[in-house]
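Colleague: For reference, the chains in residue letters:
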Amino acid sequence: MTEPWMIAGAWLAAGLTIFLFSFLYRDNPFFKIAEHLYLGAGMGWWFQVYMFNIWKPKVWEPLMAHQWGVIIPAVLGLSLVTQFIPKISWLSRYGFTFLMGYGAGLAVPAGLSTDFMNQIAGTIRPFSALASMTPFAIFNSLLIALGVVCVLFYFFFSVEHKGSVKKVSNVGIYFLMVYFGAAFGNTVMARFSLLYGRFDDLASFSSRGSFYATQIILAVMVLYFLVTGFTKKPQQGEEEAH
Amino acid sequence: MIKKSSLCLILCLASAGALHAAGKSAKAAQAAVPAINGFSASDMPYDAGGAALLRWPVNAADTETTVYTVYASSSDGAGWVRIDEFPSSANTGKGIDLPFWAWDGSAAEHAYKAELGNFFPGAAEGTVLRFKVASSDKGRVTAESLPAEAAVSGNWFRLDRLNNLLLLVLVMVVFFWAVSHAKRKGLFIRRIAGLDAIDEAIGRATEMGKPIYYVPGIGSMSSISTIASAFILGEVSKKVAQYDSFIKIPHYDPIVMTVAKEVVKQSYMEAGRPDSYREDLNFFVSQDQFSYAASVDGMIAREKPAACFFMGYFMAESLLLAEVGATSGAIQIAGTDVEHQLPFFFTACDYTLIGEELYAAGAYLSKEPMLMSALKVQDFGKLVVMVSVLLGIVLLALGTKLHWDSFTQVILNLFKAY
Chain E
124 MTEPWMIAGA WLAAGLTIFL FSFLYRDNPF FKIAEHLYLG AGMGWWFQVY
174 MFNIWKPKVW EPLMAHQWGV IIPAVLGLSL VTQFIPKISW LSRYGFTFLM
224 GYGAGLAVPA GLSTDFMNQI AGTIRPFSAL ASMTPFAIFN SLLIALGVVC
274 VLFYFFFSVE HKGSVKKVSN VGIYFLMVYF GAAFGNTVMA RFSLLYGRFD
324 DLASFSSRGS FYATQIILAV MVLYFLVTGF TKKPQQGEEE AH
Chain D
895 MIKKSSLCLI LCLASAGALH AAGKSAKAAQ AAVPAINGFS ASDMPYDAGG
945 AALLRWPVNA ADTETTVYTV YASSSDGAGW VRIDEFPSSA NTGKGIDLPF
995 WAWDGSAAEH AYKAELGNFF PGAAEGTVLR FKVASSDKGR VTAESLPAEA
1045 AVSGNWFRLD RLNNLLLLVL VMVVFFWAVS HAKRKGLFIR RIAGLDAIDE
1095 AIGRATEMGK PIYYVPGIGS MSSISTIASA FILGEVSKKV AQYDSFIKIP
1145 HYDPIVMTVA KEVVKQSYME AGRPDSYRED LNFFVSQDQF SYAASVDGMI
1195 AREKPAACFF MGYFMAESLL LAEVGATSGA IQIAGTDVEH QLPFFFTACD
1245 YTLIGEELYA AGAYLSKEPM LMSALKVQDF GKLVVMVSVL LGIVLLALGT
1295 KLHWDSFTQV ILNLFKAY
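Here the protein sequences line up with chains E and D, keeping their order. Residues 124 to 365 in the numbering used here are what the first sequence lists, from first letter to last. Residues 895 to 1312 in the numbering used here are what the second sequence lists, from first letter to last.
No wet-lab data here; the hints were simulated from the structure. Just to be clear, a hint being listed does not mean it is correct.
Said to hold, decoys possible - Quick partial rundown of chain E residues pointing at chain D, CB under 7 Å, derived from the structure:
1. Y161
2. L162
3. M240
4. Q242
5. F259
6. I261
7. H284
What the hints assert, rightly or not - Label-pair restraints from in silico Cβ distances:
8. D:G1011 x E:R314: 50 to 60 Å
9. D:D1138 x E:L147: 27 to 37 Å
10. E:Y173 x D:S983: 50 to 60 Å
11. E:D323 x D:E1164: 48 to 58 Å
12. E:A227 x D:E1164: 21 to 31 Å
13. D:E979 x E:K290: 38 to 48 Å
14. D:D1138 x E:F262: 54 to 64 Å
15. E:V231 x D:P1168: 43 to 53 Å
16. D:D1169 x E:G352: 36 to 46 Å
17. D:L1040 x E:N176: 44 to 54 Å
For every residue, glycine included, the Cβ atom is placed at its ideal position computed from N, Cα and C.
Please build the complete structure, drawing on both the sequences and the hints.
Modeller: Next up, the structure:
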């Protein structure tokens, strides 16, 4: 005998999954319910995450331990909230200035190191073991180096892309397309595994133990679309858009 | 009774004698182990703390089976902790991962970087620790050093990153030169197709009387793509204000929203239309990735905007957003530097700005000398990478072919990242 709360959970999970998938057909009230519930749940979740993972351990507990140094970042953080009070909203600039300065200070050296140094070192390093490289490995390393140079040519904005520059940058585009194709396939495979996960859940919720949650909700949804499809006139905006 | 007491006394004396003899022989055995001379311990140079550098000369008598064991102890008299064990051929002075300008190691000495974080957790900065090293062969201790002390602390200046600092200084010099040049003579930027379509998209929205959605992505304000997006938003909203069209900017990050508010407000003022500006053009949706995507999808599906801009940092929500925009019939222009999301924008959008094109967009649209100069510096960086790659390959191949090991090491160190 399945627990009642397990059955309720199965109906909720199957319902929300089907409600969200129903958007693939068209916008409907069931999708709106799921959308707003998702939005609210997401906000609630992050609120407690910030509360218990940031505010409590990084502000409240140090203050209780008389570590007064945390007051400075806490005040800078609070200054951002003054945006909502027009009279003192200028205070928020201090917080934003600190954020921007901190962000730039962190990003510039890290960017130089990863985008410049790592890129150059990673491309040329294989050639330091040239003596022990197979012809295929040498070809591979040269191909990568050629790809780096050609792709960089494509992103070179200071010269007009014509003549030989255009040819080199076109080769760069081919390299980019090969990468994008690989990335696309890789990500789509990952998305399909997520989809299988949802289908697997829907299949398990279609059992007798879950009181046929998937089938019943699906049937209600189809019925709703059939009824509204026959009774509702298409709106002017919808016609124009399609 | 007397007999019993005498027997106890004799037994006690005998056992005490035996213990004394055993202690003596142990001390004698310890004294027989030769010392490892020249062992020293110091703070590991140019690190963030938590590591010590131990050095001692290579022993010519070491065999393939000789193993070195490193021990550490806190100076309060606590016992020795075994830190590491390695064969005698490992961890010579050449093995320390520091560039040639920060370290002059020799193969004639052992140099070992002892990472102590896991062994002495919570040790304060500047804590003095004791170290010793012992060599053994097939389980028998063959030599042991005298303990050496070192205070372990982090370093403010990382000499090993000097090449990064010099590159940064060079980039800054080029930037200031470019700013001055841009102000005096102007700078050239090649045509970027996706950006030329912005006027077309805004014009279409104005003609149709429908809103424009500008989605700045899920990046924080410290993300470079979000900063680039803010520049593009400035130019887009200026054109929207000029055409008296209507823009909506749903936000994931409240800080980005606040910055975007200022940007849009400024653009409306520059366009001479401060009266058209409304506070609710920028609005917060959610800081949860997929609920943000679901909500923005719902808005796009219901309002059917004439144009959608997706500019900034995007992850898995990229296709969710762009696909809905495409089915609603909007003209879509996207741009991100997240390479693995670009294919999804290619499939669902009319124009896509790839990586660097997003950074260039702000300069391209505004023609601001400062932004143009930043773009020139980026181009300079690319030139440096291209030339370095080509030269580096030639020099490394030459160095390897002619067995100039030090030369190849110098080349590799020059481009050492951290």
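Colleague: Confirm or reject each hint.
Modeller: Do the hints match the structure? See the list:
1. For E:Y161, the suggested interface contact is upheld, since its CB lies about 4 Å from the closest CB of chain D, less than 7 Å.
2. For E:L162, the shortest C-beta to C-beta distance to chain D is roughly 5 Å, which falls under 7 Å, so the interface hint holds.
3. Taking 7 Å as the C-beta cut-off, the interface hint given for E:M240 holds, the closest approach to chain D being about 4 Å.
4. A distance limit of 7 Å between C-beta atoms decides the matter here; for E:Q242 the minimum to chain D is near 6 Å, and the interface restraint holds.
5. The restraint placing E:F259 at the interface with chain D is violated, with a minimum CB-CB distance near 17 Å, outside the 7 Å limit.
6. Because the smallest distance between the Cβ of E:I261 and any Cβ of chain D comes to about 9 Å, over 7 Å, the interface hint for this residue is violated.
7. The closest approach between the C-beta of E:H284 and any C-beta of chain D is roughly 6 Å, which is under the 7 Å cut-off, so the hint is satisfied.
8. Take D:G1011 and E:R314: their Cβ atoms lie about 39 Å apart, and the range 50 to 60 Å is violated.
9. Look at D:D1138 against E:L147: about 36 Å separates their beta carbons, and that is inside 27 to 37 Å.
10. Taking 50 to 60 Å as the suggested C-beta distance range, the pair E:Y173 and D:S983 conforms, at roughly 52 Å.
11. The hinted range of 48 to 58 Å is satisfied by E:D323 and D:E1164, whose Cβ atoms lie roughly 54 Å apart.
12. Between E:A227 and D:E1164, the C-beta spacing of about 24 Å keeps the proposed range 21 to 31 Å intact.
13. Range check, D:E979 to E:K290: about 57 Å between beta-carbon atoms, so the 38 to 48 Å window is missed.
14. Taking 54 to 64 Å as the suggested C-beta distance range, the pair D:D1138 and E:F262 conforms, at roughly 59 Å.
15. Checked against the hint of 43 to 53 Å, the pair E:V231 and D:P1168 fails, with Cβ atoms roughly 35 Å apart.
16. Under the hint 36 to 46 Å, the C-beta atoms of D:D1169 and E:G352, about 44 Å apart, fit the expected range.
17. Separated by about 48 Å at the C-beta atoms, D:L1040 and E:N176 satisfy the suggested range of 44 to 54 Å.
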